[in-house]
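Student: Residues per chain, in single letters:
There are 4 protein chains.
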Amino acid sequence: MTEKTLAELNACGKEDFVAALGNIFEYSPWIAEEAAASRPFSGIRQLFAAMCKVVEDAAPGRRLALIKVHPDLADKTKRGDLLTAESNAEQNSVGLDRLSEAEYAAFDRVNTAYKEKFGFPYIVCARRQTRDSILRDFERRLPSDPTTEVANSIAEILRIAALRVDLLVDGDDRLRVHGRLSTHVLDTHSGRPAAGIAVELTELSDLGASRVIARAITNQDGRTDVPLIGGRPVPIGRYELTFSTASYFAAKSVPLSDPPFLDVIPLRFSVSDPEGHLHVPLLVTPWSYATYRGS
Amino acid sequence: MTEKTLAELNACGKEDFVAALGNIFEYSPWIAEEAAASRPFSGIRQLFAAMCKVVEDAAPGRRLALIKVHPDLADKTKRGDLLTAESNAEQNSVGLDRLSEAEYAAFDRVNTAYKEKFGFPYIVCARRQTRDSILRDFERRLPSDPTTEVANSIAEILRIAALRVDLLVDGDDRLRVHGRLSTHVLDTHSGRPAAGIAVELTELSDLGASRVIARAITNQDGRTDVPLIGGRPVPIGRYELTFSTASYFAAKSVPLSDPPFLDVIPLRFSVSDPEGHLHVPLLVTPWSYATYRGS
Amino acid sequence: MTEKTLAELNACGKEDFVAALGNIFEYSPWIAEEAAASRPFSGIRQLFAAMCKVVEDAAPGRRLALIKVHPDLADKTKRGDLLTAESNAEQNSVGLDRLSEAEYAAFDRVNTAYKEKFGFPYIVCARRQTRDSILRDFERRLPSDPTTEVANSIAEILRIAALRVDLLVDGDDRLRVHGRLSTHVLDTHSGRPAAGIAVELTELSDLGASRVIARAITNQDGRTDVPLIGGRPVPIGRYELTFSTASYFAAKSVPLSDPPFLDVIPLRFSVSDPEGHLHVPLLVTPWSYATYRGS
Amino acid sequence: MTEKTLAELNACGKEDFVAALGNIFEYSPWIAEEAAASRPFSGIRQLFAAMCKVVEDAAPGRRLALIKVHPDLADKTKRGDLLTAESNAEQNSVGLDRLSEAEYAAFDRVNTAYKEKFGFPYIVCARRQTRDSILRDFERRLPSDPTTEVANSIAEILRIAALRVDLLVDGDDRLRVHGRLSTHVLDTHSGRPAAGIAVELTELSDLGASRVIARAITNQDGRTDVPLIGGRPVPIGRYELTFSTASYFAAKSVPLSDPPFLDVIPLRFSVSDPEGHLHVPLLVTPWSYATYRGS
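Protein chains in written order, with the numbering used here: chain A, 1 to 295; chain B, 296 to 590; chain C, 591 to 885; chain D, 886 to 1180.
The following block holds chain A by itself, in its conformation from the complex:
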């Protein structure tokens, strides 16, 4: 599917509308079909609201069917062939196609246990999660009752749909589906932004391998040229941000101990709000540093 403008979607025939938005909800073009009747939409938010209303107003059986057509998370047997292109990309975004054996086993256990208890697959909006947070979410949801889990599943389906709408429909009033993770290094030894500091962001994992997901060098403002994470949800999870400060101060001929008291400084923190703006700055001298949750 290619990106359409809201104007095009308002003007086109119903068939084209459904062709364009049929996969916003996994294997469920009926939602686009019913929403088409509410055209024209004054904005993307109205379009998305109309689709949400179709889901909300659907009979319980149809809602359950919507849930059931979703694929299992990290199901190797369906990779490539049987997933929609959207599902494939979303699951890959969180690294579900590169799981360690231990992680794969854990995900498999999740799916099986959940499906056995509720009769439908465990659904989560993968782009808002890390592998660790999905396992944590599962542990929280498995003890729930079926009614709660139907509600949770629909909520996650709407989150998935919102991100798909954001990718497919072009317009001014974007849905609030993107967060941002940024940093800033202030050299309080010289009273200036710290330029040229190597920064590295690692997604931490309890079960599998931690992986570096962003690298940057701070610019003249002590910031990175682009956010560490931006233009997408910031996945719920644990992160470590490291700053190579000793080489920075050494390059400025600041006297250091040998070995330097502080060298590569790690800040370890968690993200809990994927759509929020999280700013994690570093105030640093060769002998001290501070950080805080900024916005």
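Any given hint could be a false lead.
Reference excerpt, derived from the structure (chain B facing chain D, CB under 10 Å, subset only) [unchecked claim]:
{"no.": "1", "residue": "L481"}
{"no.": "2", "residue": "P554"}
{"no.": "3", "residue": "F556"}
{"no.": "4", "residue": "P581"}
The list that follows gives simulated cross-link-like pairs (lysine-lysine, DSS-like), each with its CA atoms no further than 30 Å apart [unchecked claim]:
{"no.": "5", "chain 1": "A", "residue 1": "K252", "chain 2": "C", "residue 2": "K643"}
{"no.": "6", "chain 1": "A", "residue 1": "K14", "chain 2": "A", "residue 2": "K4"}
{"no.": "7", "chain 1": "D", "residue 1": "K899", "chain 2": "B", "residue 2": "K547"}
{"no.": "8", "chain 1": "D", "residue 1": "K889", "chain 2": "D", "residue 2": "K899"}
Just so you know, the hints here were simulated from the structure itself, not pulled from any lab data. Just so you know, these numbers come straight off a predicted model, no measurement behind them. All residues carry an ideal CB built from backbone N, CA and C; glycine is no exception.
Based on the hints, put chains B, C and D in the right spot on chain A.
Tutor: The following block gives chains B, C and D in isolation, referenced to the frame of chain A:
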């Protein structure tokens, strides 16, 4: 050897004096023998100074012989049998008896390369070092010229001797051979020392496994009951100190995000002065923290 | 009266005991007289507890009489002549003998209003207060009912008595009547305690003139040789602590802007617990600083 | 004079050009006249550079004459009548029309001493200064030699001219004559920007009265809606920025001591670069705070 008081060492016969202090310098009782003539000593520092003077005044050949009788670092073939009890304990203190294969290979390479170049073994005061810092020290010293290395070796031998004197001779004016590493947690959310925080100190290693060397729970003053390292040199090297702050704040019913923004906070720093007092405090709220090199 | 040891007070005749402690409670030697019967005391705390019990057990009329014999605060007409030496010294400690006209008027208003309402003078333990905090305390207590104010007055009388006991009786188990205010300057630009910083402590006043109450130069540990306030209660009130940091950094040839971004740094804070240990440190570079309530 | 666009100034007749820009340099329309020949200008910077070049290329006598036509600073006898409107406004901006007697005497002393020594008036770009910094600048310049002071005076005249060009000529490529002073309050107790904090900026004066020059309430981002100083140079001088934090925390029902440990927090700092961006943030809990020079 058992601990003696300075009074005993001043009063005893020369043979007993040499028996007591003969191993202060590895396999070199002649140093104690010559120093015995300077008795009585008004203090431990005078005793140690007298022994240092014997080494200093010795003919070059005798100084070189002193160097040559020292064992190789981490020489597995000599473990137990051929090392003095003192050497054995000292090398074990830094974990030289528990090296990984990669570390053992690195140490072996050090010794061989150094010995081939200089004709005498690489000597370092192991109690003041970590495995990583020994390899770093070696890399710094290998390019030296022989005269410099004789001087470096003698300097290290005197450091070893000072620590042995400190262990063996009891008296008021202790040699300055001990450092201290301490911490303190200040809860700036409530304006009080943070009691009950789990603290863990890990010695970091590039080549081998990092290992936890101290665990403690902060007391009512936000301090540990005893220093993290005390009563001995603080080995040169890299360390990580972690503080379990989320569980502390959760126990006090302070509102936290889920997952908590800060959970286990790591402070990574290096020690460069084994005889110094290094204080690494943490000022912390659920949303911010700061640290600095204190004293 | 001169200082006595507890042993002397336990051993002496009743008359001497009363002569020694008769003024612990203003013009009320009967309290010492009755407490004498409980001798010997195992410690100063037991002695003070016995005197408190006499007050506690006294009939309401006698308690009221005890309150009524207290002088008015800052009553110029009674200065020197009609106050006990103890009252005089205590009132002077808080500067009640050096009030501005506005302050004198305010204190006069306090006393008159309070006495008119309750029929006895406003009593407060002056050594635990500043002029401002006394006026604030008065404003809080004036709306009370008589029963509460009798209780408040007795509580203040016991605080006054405890400080007098602490001055007059020598022994190991001192009463907990002393607080401490200390500071510490950490130069996080060089990673060392800041030695040679001029520190000044001012008691702030809303109504009268603020006055400098301590001056010091930090020593090699970045501390003052003696606490800013120690060996006595730290008066409740507002304070400003200033640190001359620009001249310190200039003397170390650290590059500064012209004029220096930070020159004399003020920390403004309040004391609420006169018997507590309050530590107000400064972490400072030429471009940044931090402080916190320590202990 | 009214604002003109660069296009208008490029297109108009020479007389109109001089009429528009004749007062850019005090009583010296010849500079505009000569600069007119370089038209058209591709931008405001080129226009200003052309005027600077006229001054630079002028014969020494003419440069001296340019200096001599400038009015005395703070000369009460010339107020209103004899100053150009520009001079009047500029001098008033720094409060030179509201001097205390002590300040007026100091300024008078400056002018007289300087004029006696050099034979021309002391010139400084008043919009870049506070009253205190002018007196400091004078003290620095009075010991100079005449050649240096001619150069200093011309430099100040160019700064005055740049600000007048910026006011009079409209265009895209503004001269870099504006600085900015901003703040930001981060509540590290709750991990959020502190909204609703009363902020007050005072210009400090050694000689005269300090005066409040900005008041604001922080918004949802913990910032002020407009910079504390913006759209003009930030005058060199000393400032105090206060933050009413106790009332903020009390309103959020955060437990505080009585009186609150921190109430109105003062940050005292100096501005040295009027065209720079100076950011002075506050990170604060009820028990701690930190600030730093940001940008």
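Student: So, for every hint listed, does it hold in this structure?
Tutor: These are the hints, each one checked on the structure:
1. L481: holds, 8 Å
2. P554: violated, 14 Å
3. F556: holds, 7 Å
4. P581: With a minimum Cβ separation of about 7 Å from chain D (threshold 10 Å), the hint on P581/B holds.
5. K252/A x K643/C: Violated. K252/A to K643/C sits at ~70 Å, over the 30 Å cutoff.
6. K14/A x K4/A: OK: K14/A and K4/A at ~14 Å, within 30 Å.
7. K899/D x K547/B: Violated, at roughly 77 Å.
8. K889/D x K899/D: Distance ~14 Å between K889/D and K899/D Cα, so the pair holds.
When the structure is compared with the earlier hints, violations turn up for hints 2, 5 and 7 and for no others.
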